[in-house]
Amino acid sequence: MQKGNTQIALILASLIISNIVVLVVSQGQLRVGFYYKTCPNAESIIRKVVQKAVADNPRNAAILLRLHFHDCFVQRKARLENLCPGIVSCADIVSLAARDAVNEPFYDVSTGRRDGRVSKMSLAANLPDVDDSINVLKSKFKEKGLSDKDLVLLSGGAEIHVRFTYIGATACFFMQKRLYNLTPGGGSDPAINPGFLPQLKDKCPFNGDVDVRIPLDS
435 MQKGNTQIAL ILASLIISNI VVLVVSQGQL RVGFYYKTCP NAESIIRKVV QKAVADNPRN
495 AAILLRLHFH DCFVQRKARL ENLCPGIVSC ADIVSLAARD AVNEPFYDVS TGRRDGRVSK
555 MSLAANLPDV DDSINVLKSK FKEKGLSDKD LVLLSGGAEI HVRFTYIGAT ACFFMQKRLY
615 NLTPGGGSDP AINPGFLPQL KDKCPFNGDV DVRIPLDS
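For the sequence shown, the working numbering begins at 435 and goes up steadily by one.
Source of the hints: derived by calculation from the structure; they are not laboratory data.
A couple of the hints might just be wrong.
Listed next, the in silico DMTMM-like pairs over lysine to aspartate or glutamate satisfying Cα-Cα at most 25 Å (straight line) [as the list claims (entries may be wrong)]:
1) Lys-578 <-> Asp-566
2) Lys-611 <-> Asp-645
3) Lys-576 <-> Asp-542
4) Lys-635 <-> Asp-645
5) Lys-637 <-> Asp-563
6) Lys-578 <-> Asp-636
7) Lys-576 <-> Asp-623
8) Lys-471 <-> Asp-542
9) Lys-482 <-> Glu-515
10) Lys-637 <-> Asp-565
11) Lys-611 <-> Asp-636
12) Lys-583 <-> Asp-542
13) Lys-471 <-> Asp-490
14) Lys-578 <-> Glu-515
15) Lys-578 <-> Asp-565
16) Lys-576 <-> Asp-565
17) Lys-576 <-> Asp-563
18) Lys-576 <-> Asp-566
19) Lys-637 <-> Asp-542
20) Lys-635 <-> Asp-623
21) Lys-574 <-> Asp-623
22) Lys-583 <-> Asp-565
23) Lys-611 <-> Asp-565
24) Lys-574 <-> Asp-584
25) Lys-635 <-> Asp-563
26) Lys-574 <-> Asp-563
27) Lys-572 <-> Asp-584
28) Lys-611 <-> Asp-563
29) Lys-572 <-> Asp-582
Based on the provided sequences and hints, a complete structural model is requested.
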């Protein structure tokens, strides 16, 4: 885990510094180009830093997507503060960084978020959990206006353990329980298609390498 945490810090070191916290963000009146007058180069600065980080290590794209997905970010930024002190919020930085990290397709991000000053632990209760069933996950995503396709994409960038994180993929670590120890006596998850189960076990053998990744739609 230390290695994974270090990689997160390196990705955002040029943009944001300090401790990771979960903040409540006031949406306000968001709009594309919120910083065009006050800090016109804000988005290009973020894009350049993120693109370099992803080029150095493609896994960084999923890590940034995970940060945005969980609304986790650090409190103070560096490079933007040098150019536009006190203007660009941490919430907007993470939203823009997540967009630039996945690279394609490009889309406009409405900005103008303000960083909250309080943390609410209760907000984390609705986050998808690694042990959630597919029906529970689909329900949680639907409540947020997200589709099943969104579930597949975002789940690949939102695994709990950073060292396993890749977009559109999961690690055998997260499949072990469902494959070998979900029911009494070490049975497999009965919800898994019986014709698909042998393929999963072949890719993720019992006591095998938990770092092996498999596509979420395999």
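Going down the list of hints, with the structure as the test:
1. Lys-578 <-> Asp-566: holds (16 Å)
2. Lys-611 <-> Asp-645: holds (15 Å)
3. Lys-576 <-> Asp-542: The given pair, whose Cα atoms are some 23 Å apart, holds under the 25 Å limit.
4. Lys-635 <-> Asp-645: Holds, because 14 Å separates the two Cα atoms, which is no more than 25 Å.
5. Lys-637 <-> Asp-563: Between Lys-637 and Asp-563 the Cα gap is close to 23 Å, so the pair holds against 25 Å.
6. Lys-578 <-> Asp-636: Violated. Lys-578 to Asp-636 sits at ~35 Å, over the 25 Å cutoff.
7. Lys-576 <-> Asp-623: holds (24 Å)
8. Lys-471 <-> Asp-542: Distance ~17 Å between Lys-471 and Asp-542 Cα, so the pair holds.
9. Lys-482 <-> Glu-515: Given pair Lys-482, Glu-515 holds - Cα atoms ~16 Å apart, limit 25 Å.
10. Lys-637 <-> Asp-565: OK: Lys-637 and Asp-565 at ~20 Å, within 25 Å.
11. Lys-611 <-> Asp-636: holds (15 Å)
12. Lys-583 <-> Asp-542: Between Lys-583 and Asp-542 the Cα gap is close to 20 Å, so the pair holds against 25 Å.
13. Lys-471 <-> Asp-490: At roughly 32 Å apart (the allowed maximum being 25 Å), Asp-490 and Lys-471 break the hint.
14. Lys-578 <-> Glu-515: Answer violated: Lys-578 to Glu-515 is near 32 Å, above 25 Å.
15. Lys-578 <-> Asp-565: At roughly 19 Å apart (the allowed maximum being 25 Å), Asp-565 and Lys-578 satisfy the hint.
16. Lys-576 <-> Asp-565: Given that 25 Å is the threshold and the Cα spacing comes to 18 Å, the pair holds.
17. Lys-576 <-> Asp-563: Distance of about 15 Å is within 25 Å: holds.
18. Lys-576 <-> Asp-566: Within the cut-off at roughly 14 Å; holds.
19. Lys-637 <-> Asp-542: Violated. Lys-637 to Asp-542 sits at ~38 Å, over the 25 Å cutoff.
20. Lys-635 <-> Asp-623: holds (12 Å)
21. Lys-574 <-> Asp-623: Distance ~21 Å between Lys-574 and Asp-623 Cα, so the pair holds.
22. Lys-583 <-> Asp-565: holds (19 Å)
23. Lys-611 <-> Asp-565: holds (9 Å)
24. Lys-574 <-> Asp-584: holds (12 Å)
25. Lys-635 <-> Asp-563: Roughly 22 Å separates the two Cα atoms, so the pair holds.
26. Lys-574 <-> Asp-563: holds (10 Å)
27. Lys-572 <-> Asp-584: Since the Cα atoms of Lys-572 and Asp-584 sit roughly 10 Å apart, the hinted pair holds (cutoff 25 Å).
28. Lys-611 <-> Asp-563: Cα-Cα ~14 Å, so holds.
29. Lys-572 <-> Asp-582: Holds, because 7 Å separates the two Cα atoms, which is no more than 25 Å.
In terms of the numbered hints stated before, the structure departs from hints 6, 13, 14, 19, listed from lowest to highest.
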